[in-house]
Amino acid sequence: MSNYNISTRYASALMQLAQEKDIFLQVATDMETVFNTVRDSREFQLMLTSPVIKTTDKEQVILKVFENRISHDSLNFLQFIVMKNREDLLFNIVRQFLALRDERLGIVNALVTSPTEFTGAQMDKLTKKLEEYTRKKVRLSAQVNRNLLGGFIVKIEDTVIDASLDHQLELLKEEFMKGDSSLN
Amino acid sequence: MAEVRPDEVSAILRKQLSGFDNEVDVYDVGTVLQIGDGIARVYGLSKVMASELIEFPHDVYGMVLNLEEDSVGCVLFGDYSLIKEGDTVRRTKRVASFPVGEAMLGRVINPLGVPVDGKGPVHTDKFLPLERKALGVIARAPVKQPLQTGITAVDAMIPIGRGQRELIIGDRQTGKTIIAVDTIINQKYTHTEDAKKIGIKPVYCIYVAIGQKSSTIAQVVSKLQEHGAMDYTTVIVAAASEPAPLQYIAPYSGATLGEFFRDSGRDALVVYDDLSKQAAAYRELSLLLRRPPGREAFPGDVFYLHSRLLERASKLSDDLGGGSLTALPVIETQQGDVSAYIPTNVISITDGQIYLEPNLFNAGVRPAINVGISVSRVGGNAQVKAMRKVAGSLKLDLAQYRELEAFAKFGSDLDKATQRTLAKGARLVELLKQGQYNPIPVEKQIVSVFTGTNDYLESIPVEDVKRFEKELLEFIELRYNDILETIRVERELKDNTVARLRSAIEEFLPKFKASEK
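Quick note, the sequences are listed as chains A and B, same order. Residues in the first sequence are numbered consecutively from 94, following the numbering used here. Residues in the second sequence are numbered consecutively from 1026, following the numbering used here.
No wet-lab data here; the hints were simulated from the structure. Backbone N, C-alpha and C fix where the C-beta goes; we use that ideal spot for every residue, glycine too. Just so you know, nobody snuck in bad clues.
Distance condition first, Cα-Cα at most 27 Å in a straight line; then the derived DSSO-like pairs of lysine-lysine: (1) A/Lys222 x B/Lys1118; (2) A/Lys230 x A/Lys114; (3) B/Lys1109 x A/Lys248; (4) A/Lys229 x B/Lys1118; (5) A/Lys229 x B/Lys1072; (6) B/Lys1169 x B/Lys1222; (7) B/Lys1109 x A/Lys266; (8) B/Lys1238 x B/Lys1144.
Stretch by stretch, here's where chain A covers chain B in the computed footprint (C-beta under 8 Å, at least three residues): (9) 1048-1055; (10) 1068-1082.
Construct all of the structure, not just a fragment, from the sequences and the given hints.
What follows is the structure, encoded as structure tokens:
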């Protein structure tokens, strides 16, 4: 079975349990903490995937790191993953859980790329527009790319809304290339 | 050189610019996870359709074949070494399709519709999807018009009708392509005013070359050009050097173009040369896509691969314009093994087969058709009446000859009847021999077969049969051209025509001198 399938199984199990126990929001924040911690620490990632380190040691590390930071249920879940020898997939599982959470709460992630940084007001305005367009809550993050020259690109999941000058020039070039008007 | 005025240039630029919309572009994307061997796995593209065309960087296109839970498996039609992991892939939102139109005639095209003959762009305004569901029962009519191949042996014994699927099967180097190419060349007649007058509709031809050497394809194209057949023919090329995905879709491109002619009420002929190579290409990409292998490592749907292609050949009912699409698939067997997987599949799908044998070929019987196991299941109704009349006993005579031939090798004591059968058989075999690129019009075929089945060749030595036939036809053409004309127009042999034909042959017989030994 692919890693994707396994991660989805664990993530949806946690989701169902959290809903049953009515601790969904708590678990969601916990998982975000775990996600950020693992993402930011390369050592932690290496430790999780290392075949040399014993499972019991890994469990101890996880307990030490997350004890007192996350709720008891979330910690139990992490321990359960380690017990099942799936700690190498921990990061994927948590990521999958966060994706499921977004889906449940009707949130989509969007990334705006622009040649200069957007101001707060601009971001708010764009978020509002995108929310109208997608009819969902939009979590907008931004990045800067000077090569775009002007305009901006928004990527919502797999859909790209391209209003950049760079892309316009590209299209213009194509238009000229395929045009068969001659001098005669 | 004429001077270029700057204002002219700007006028042109302005004209081009006018068609350019400055609008926000919205498209769906994915990321390449894995690439290699012409197969890509793409993450994202969540709304992509099966068999949709997708665009990779560097103008490489691909087609989606596998829709999986977390990724999309696709095949690439271009150079996959240009694509890297992490590249962005874009949806085109249209399923793989092929440009169709009259402008395609006379051109050499690749399976994506891009011309490869260096004659500039093809101007078509219509795209049809590569994969289309074959027509149902209601839309079809029985096959009833003949499609003359110009090969006497085929037209007499294995007649092909418009809308039929007739398999050409045989080992390598047995003349499979020749039969197909001769058939295309013979359609030249259908495009003449003469044919129009007697109600024969023109046949548009499509030759699909799959996995062949480029030199062979070039040869076929130049032969078609030489015989003036390219005017009504499109050649679709996926040479051996092309990626497997292109070889896989090539026959579907051909079928799509053929359907365009069929659906506009015209008749079309499409040759798939050859489908064993296409099956091998499909096997390659199926295995790379990790689909489970079955018999001979072909995937489970290799039967469907060919059946959905050949089902698209059809004769339309008159309500739908009465067009037709005839298919001549070619299959290459290995050492005459027709019971291999692909040959049995295609034999069961088609309406008959022309079986070519290397033994016959090497013995000088060309076309090397094994009459015993070659059949046409529906063509009989489509055969020209006159031909049916004269060729009725031909197949039987040849079958008897083949049976006795084996016996005759053992002993010399044969009774009169056996000797007669053997003599007649040998002469008929000789009569049915025919050169390459030399299609014979149906009325001449009828006269030839008539002399053969009516025992006029008895007195002619076997080695002189071909010369006799040639000279007889010349004689009739010169003196009694009206007989040929009558057969051609009436398409049946009335009693008085038979009588005149007999007297003409009898007049010629004493004039013919057997060559000296």
